[in-house]
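Number of protein chains: 2
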Amino acid sequence: MEFSSKLLENAVYEMSQLPGIGKRTALRLVLHLLKQPEDQTSKLSVALDTVRKDIKFCANCHNISDVDICEICASPKRDRTLVCVVEDIRDVMAIENTSQYRGLYHVLGGKISPMEGIGPHDLTISSLIKKAKEGEIKELIFALSSTMEGDTTNFYIFKQLDGLDINTSTIARGIAVGDELEYADEVTLGRSILNRIPFEGSLKAN
Amino acid sequence: MEFSSKLLENAVYEMSQLPGIGKRTALRLVLHLLKQPEDQTSKLSVALDTVRKDIKFCANCHNISDVDICEICASPKRDRTLVCVVEDIRDVMAIENTSQYRGLYHVLGGKISPMEGIGPHDLTISSLIKKAKEGEIKELIFALSSTMEGDTTNFYIFKQLDGLDINTSTIARGIAVGDELEYADEVTLGRSILNRIPFEGSLKAN
Chain A
1 MEFSSKLLEN AVYEMSQLPG IGKRTALRLV LHLLKQPEDQ TSKLSVALDT
51 VRKDIKFCAN CHNISDVDIC EICASPKRDR TLVCVVEDIR DVMAIENTSQ
101 YRGLYHVLGG KISPMEGIGP HDLTISSLIK KAKEGEIKEL IFALSSTMEG
151 DTTNFYIFKQ LDGLDINTST IARGIAVGDE LEYADEVTLG RSILNRIPFE
201 GSLKAN
Chain B
1 MEFSSKLLEN AVYEMSQLPG IGKRTALRLV LHLLKQPEDQ TSKLSVALDT
51 VRKDIKFCAN CHNISDVDIC EICASPKRDR TLVCVVEDIR DVMAIENTSQ
101 YRGLYHVLGG KISPMEGIGP HDLTISSLIK KAKEGEIKEL IFALSSTMEG
151 DTTNFYIFKQ LDGLDINTST IARGIAVGDE LEYADEVTLG RSILNRIPFE
201 GSLKAN
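Respectively, the protein sequence lines represent chains A and B. Quick note: the first sequence uses this note's numbering, first residue 1, plus one each step. Quick note: the second sequence uses this note's numbering, first residue 1, plus one each step.
Because the hints were derived from the structure by calculation, they are not lab data. One should not assume that every hint holds.
All copies of an identical chain are treated as equivalent in the list; a pair is satisfied when it fits inside any one copy or across any two copies.
[Said to hold, decoys possible] The calculated lysine-lysine pairs, modelled on DSS-like cross-linking and capped at a C-alpha distance of 30 angstroms, are:
(1) 35 - 56
(2) 159 - 6
(3) 56 - 133
(4) 159 - 53
(5) 56 - 131
Take the sequences, apply the hints, and build the full model.
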């Protein structure tokens with residue numbers, strides 16, 4: 001792509017550094033901004049700059065937060081003996097949306113992935129183990145995605161908990177509510193049969 | 001979506017104002033920036049701010065340009081009697097890519113669209129008519145998209161040229177090079193038959 005303006009070329013280049021945004025899309029976005037009031041661009045750039053510079057993480061669960069201890073960790077209504085281990089803030093938001101969980105979270109900030117050069121020390125695992133050793137936690141729920149990286153991370157944490165009196169569990173994998181069996185993949189369907197639950201127990205969930 | 005941070009919420013909101021970027025994508029993009037060095041975010045925000053504030057348009061063709069008269073309009077190699085009317089810079093880039101065109105451009109900045117509240121006076125039509133009246137232009141090529149808005153704009157400009165000694169033409173619509181006839185839509189195929197060209201003439205183009 002040959003540009004008639006260096007300024008434009010530079011803006012398109014920086015925009016196209018974002019994941020999933022190619023050069024063409026970047027150009028479309030920048031041209032859109034050029035057609036809008038100047039105000040909109042400055043609002044966007046200030047918002048991005050501010051979030052990047054002033055972002056804070058909760059000292060307890062490492063979730064993104066504007067205060068030192070996030071709302072969830074600070075709430076007296078939450079069960080502090082139950083901690084759900086998740087990858088990032090999107091998982092926290094998804095679980096909070098269900099209104100089914102009253103424990104705390106621990107945000108790892110990613111998964112162990114040697115391919116991407118992410119080791120245990122790039123995540124907040126040591127802080128989780130430290131919390132676990134303090135003795136308040138009774139159950140850890142692993143809610144990482146069920147990929148090789150997720151399973152590796154779960155197992156790494158599980159090994160570190162050795163000797164501590166903490167129950168571990170993982171969220172149930174199975175057929176989604178409302179899904180047809182015939183369209184389910186074999187692994188999921190197989191697991192959902194192996195990990196079947198008592199019928200009476202299933203009634204409670206609703 | 002409920003956010004644990006106002007800063008994050010604000011950045012996601014501003015990002016989601018861009019066309020084709022929903023809240024979820026915006027969140028993904030902002031979280032990506034948070035994982036990258038601070039530098040990347042500031043480069044992006046500075047580039048956007050700069051392009052929005054310092055953007056200039058060529059005084060002749062209204063294309064985006066860093067200088068008063070753009071490279072194409074300033075080039076002595078270009079045929080100044082031939083002007084191609086396009087919608088925006090992307091069309092100029094697309095036509096330049098073909099290396100088949102040696103005339104100048106005129107960038108309208110959009111199409112007449114009453115639905116979107118865009119009238120002739122929001123575009124650079126009066127500047128085109130002024131140039132046309134100066135007498136240097138011998139042929140105007142309409143290269144707007146063939147939609148109702150594009151056709152309306154073409155016709156509006158055509159009427160304004162009344163009484164001037166200027167040829168007008170429109171780019172050929174037809175079956176794309178390499179396309180199979182059986183998959184072409186009827187309108188395009190129909191037009192390509194009506195507007196067939198002498199076989200000898202078609203040999204020149206290659």
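For which of the previously enumerated hints does the structure constitute a violation, in increasing order of number? 2 and 4
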